[in-house]
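J.: So the chains spell out like this:
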Amino acid sequence: MSRSATRRPTGTAQRTGTDQRSATVPRTLSEKVWDRHVVRRADGEPDLLFVDLHLVHEVTSPQAFDGLRLSGRRVRHPELTVATADHNVPTTGVDKPVADPISARQLEVLAANCAEFGITCYPMGHANQGIVHIIGPELGLTLPGMTVVCGDSHTSTHGAFGAVAFGIGTSEVEHVLATQTLPQTRPATMAIEIEGALPLGCTAKDLVLHIIGTIGTGGGIGHIIEYRGEAVRNLSMEGRMTVCNMSIEAGARAGMVAPDDTTFAYLEGRPHAPEGRAWEMALDDWAQLVTDEDASFDKVVHIDVSALRPHVTWGTNPGQVVSIEGRVPSPDEMTEPADRESAERALSYMGLRAGTPMRDIAVDTVFIGSCTNSRIEDLREAAAVLDGRRVRAGLRALAVPGSHRVKAQAEAEGIDKVFEAAGFEWREPGCSMCLAMNPDKLAPGERCASTSNRNFEGRQGRGGRTHLVSPAVAAATAVAGHLATPQDLDAAS
Amino acid sequence: MKAVQVVTGRAVPLERSDVDTDQIIPSDWLKRVERTGFGAGLFAEWRDDRRFVLNDERYAGATILVAGPNFGTGSSREHAVWALMDYGFQAVVSPRFGDIFRNNATKQGLVPVVVEPKLGGALLQAIRDDPSIEITIDVARGTIEVPAAGLAGNFPMDEFDRERLVNGWDDIGLTLRHEPDIARYESERAVWLPSAAGAVSASGTAS
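Chains A and B are the protein sequences, given in the same order.
Residue 488 is where the first sequence ends in this note's numbering, and the numbering goes up by one at each step.
Residue 739 is where the second sequence ends in this note's numbering, and the numbering goes up by one at each step.
There's no promise every hint is true.
[What the hints assert, rightly or not] SDA-like mimics (lysine to any residue), calculated; alpha carbons at most 20 Å apart, straight line:
1) Lys650(B) / Pro332(A)
2) Lys534(B) / Leu65(A)
3) Lys534(B) / Leu63(A)
4) Lys534(B) / Ser66(A)
5) Lys436(A) / Arg564(B)
6) Lys534(B) / Gly62(A)
7) Lys650(B) / Thr330(A)
[To be verified] Looking from chain A toward chain B, a few residues come up when the C-beta cut is under 10 Å (computed):
8) Gly113
9) Ile163
10) Asn312
[Claimed, not checked] Among chain A residues calculated to face chain B with C-beta under 10 Å, some are:
11) Glu74
12) Leu136
13) Met141
14) Cys145
15) Pro178
16) Gly213
17) Ala247
18) Arg340
19) Gly458
Note that these hints are calculated values from the structure, not bench results.
Glycine included, C-beta positions come from ideal geometry on N, C-alpha and C.
Next comes chain A alone, as it looks inside the complex (with noise of 0.2 Å):
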């Protein structure tokens, strides 16, 4: 990949009708974006938004075609919407027919459903086939400067290629199905801008935790984030969408990051990426697409992680994270009522007590896998760490990959065997265990290193217990036993 991000665009705007103003009032990145997605703006009302990629899976979409046949309504673009099935699949015996009936009904009515409207789906087996958000940017139909919808709260993935990503709920999902539109008020603006450099052992897992712990839970809602600063520059692309995965945790409508040549090296040669001319043309477009030096955004948050440390919660919501060098902390040091009341309940259904050192606490189950952190490079993250040790005797360790691709991809690397070598299960792609749809739950009170997305009470089995990491701290916590670093294990050896 040679050519710059910052060759002069030479006239190819996606779209030039709202992008006229471009000249005269600088504008962000998201603004940037969402106008020149706008079919229709009127005084009063919501801008109507064109989508450019509708994601589709078992769990937020029957309803939807359902409210379609009811009224009569086709699909308005099948060929700008795929589908694949992803939060009930089993992650064994994918071969065999899906032992819960319930399940499987809910995986047939969406292959059902997308072969009588003309959808493209990637069913359960299918070379394919995966998390909606892995398989999304690995097939090059997550391109810069795009929309792009999906009945899942972590939409918000996408935004790493600059694009404007958002979930939306199963009303929306018909809407978009019937008119490849949506009725959308502008969210405000917010950059985050990371100052210094990530120190070595940290990752873009610790970076997005500690940026949910400093805003809050609802730090971001109403607003798109764009994530800014050097230390964001330096991530690659699978880091870019662990950060922007988890913009939804801070309550975000969205999050982004301008596209560069990290991305498109990253998007080049994609089966679904533009080619030849195409290509060139698409570079030119994407080449416009950041926050002009003079743009202002609603709301602006400075974040030093120069000193950062891994981070892993304690609670019951992602914005109840520390360090791993702290403490459970106490409800009492807390000022606001609410904080101390919802971290009072977390220590309870936690089972944890104020003052213990983080890593003094043991798991049971560690879970490598989710939209968040089952792409190759958190696969290779994990391995490195789990290379020629063992899992702690007595601990159940699972390792999803987030799609098939990135299992071919992990197994050409011999990746799977490192996991299997150390005792990790090896299995097939789907959410898994980040929301026990399927057969992987925790069981009550059992407790869990998790490189999901939510600590919710319940949300990896009714009573389970949830600790978010990164995967190099899942693999060493696997190791130790207890919440530990790679380092860690490198000073016991």
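Fit chain B to the known structure of chain A by using the hints.
T.: Here is chain B on its own, set in the frame of chain A:
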């Protein structure tokens, strides 16, 4: 969507913050392909606790839920709205809602009422003190009133959402009035934008 102009009724105090949609309707319930019958799953895990407020008979039949800040954060599942409505709620009051939940609510006719934290606290107190107290939420005027407790306030709502709620308008029908605008936009889209049509093979070529 059924039009909703005024909601008058008793309320349930849910004195918790950060009530995410996983709590409102746990994921086990999401396997259903229907839109109805989710009321039984509302706050399913919490309802197993006898002391949970929804199990308090004094609040049976209430139509308004009053909660702490950050209600409906997390997962985009519209099932959360379906569950609340199926159970019998017509409005939810909180100092702050998750964006997607709030959108989903207005699509279904569940009124999301954003109140100042101070008023939210006073409402909780009033309902706790007197479970029979009546609250009136006027969508058109954007007001919430509890005359018996001397409480009143305004709540913000997007004008378009307000009109849709009050009139019970169907979103898709409204959008399709602008079909010519959509068609014009489509004709101007860049040629290099991707199409998802046709499965691609594992090696990367279209099949």
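J.: With reference to the structure, classify each hint as holding or not holding.
T.: Results for each hint:
For the hint pairing Lys650(B) with Pro332(A), the CA-to-CA distance comes to about 12 Å; that is within 20 Å, so the pair holds. Straight-line distance between C-alpha atoms of Lys534(B) and Leu65(A) comes to about 17 Å, which keeps the hinted pair within the 20 Å bound. Between Lys534(B) and Leu63(A) the alpha-carbon distance is near 18 Å, which keeps this suggested pair within the 20 Å criterion. In summary, the hint linking Lys534(B) to Ser66(A) is supported, as the alpha carbons are separated by about 16 Å, within the 20 Å threshold.
The suggested pairing of Lys436(A) with Arg564(B) holds, with an alpha-carbon distance near 19 Å, which does not exceed 20 Å. Distance check on the hinted pair: Lys534(B) and Gly62(A) sit about 15 Å apart at the alpha-carbon level, within 20 Å; holds. This hinted pair checks out: Lys650(B) and Thr330(A) have alpha carbons roughly 16 Å apart, not beyond 20 Å. Hint on Gly113(A) holds. Least Cβ distance to chain B is approximately 8 Å, under the 10 Å limit.
The interface hint given for Ile163(A) is met, as the beta carbon of that residue sits about 6 Å from the closest beta carbon of chain B, less than 10 Å. At a threshold of 10 Å, the smallest CB-CB gap from Asn312(A) to chain B is about 5 Å, leaving the interface hint in force. A cut of 10 Å between beta carbons decides the hint on Glu74(A): the least distance to chain B is about 4 Å, and the hint holds. Here the hint on Leu136(A) is kept, as its CB sits about 6 Å from the closest CB of chain B, short of 10 Å.
The closest approach between the C-beta of Met141(A) and any C-beta of chain B is roughly 7 Å, which is under the 10 Å cut-off, so the hint is satisfied. A least Cβ separation of about 8 Å between Cys145(A) and chain B falls short of the 10 Å threshold, and the interface hint therefore holds. Checking Pro178(A) against chain B by beta carbon gives a least distance of about 6 Å; that is within 10 Å, so the hint holds. Using the Cβ-Cβ criterion of 10 Å, the hint placing Gly213(A) at the interface with chain B is satisfied: the shortest such distance is roughly 5 Å.
Given hint, Ala247(A) at the interface with chain B, holds; its Cβ is 8 Å from that chain's nearest Cβ, closer than 10 Å. Checking Arg340(A) against chain B: minimum C-beta separation of about 7 Å stays under 10 Å; hint holds. A least Cβ separation of about 8 Å between Gly458(A) and chain B falls short of the 10 Å threshold, and the interface hint therefore holds.
The structure shown violates none of the earlier numbered hints.
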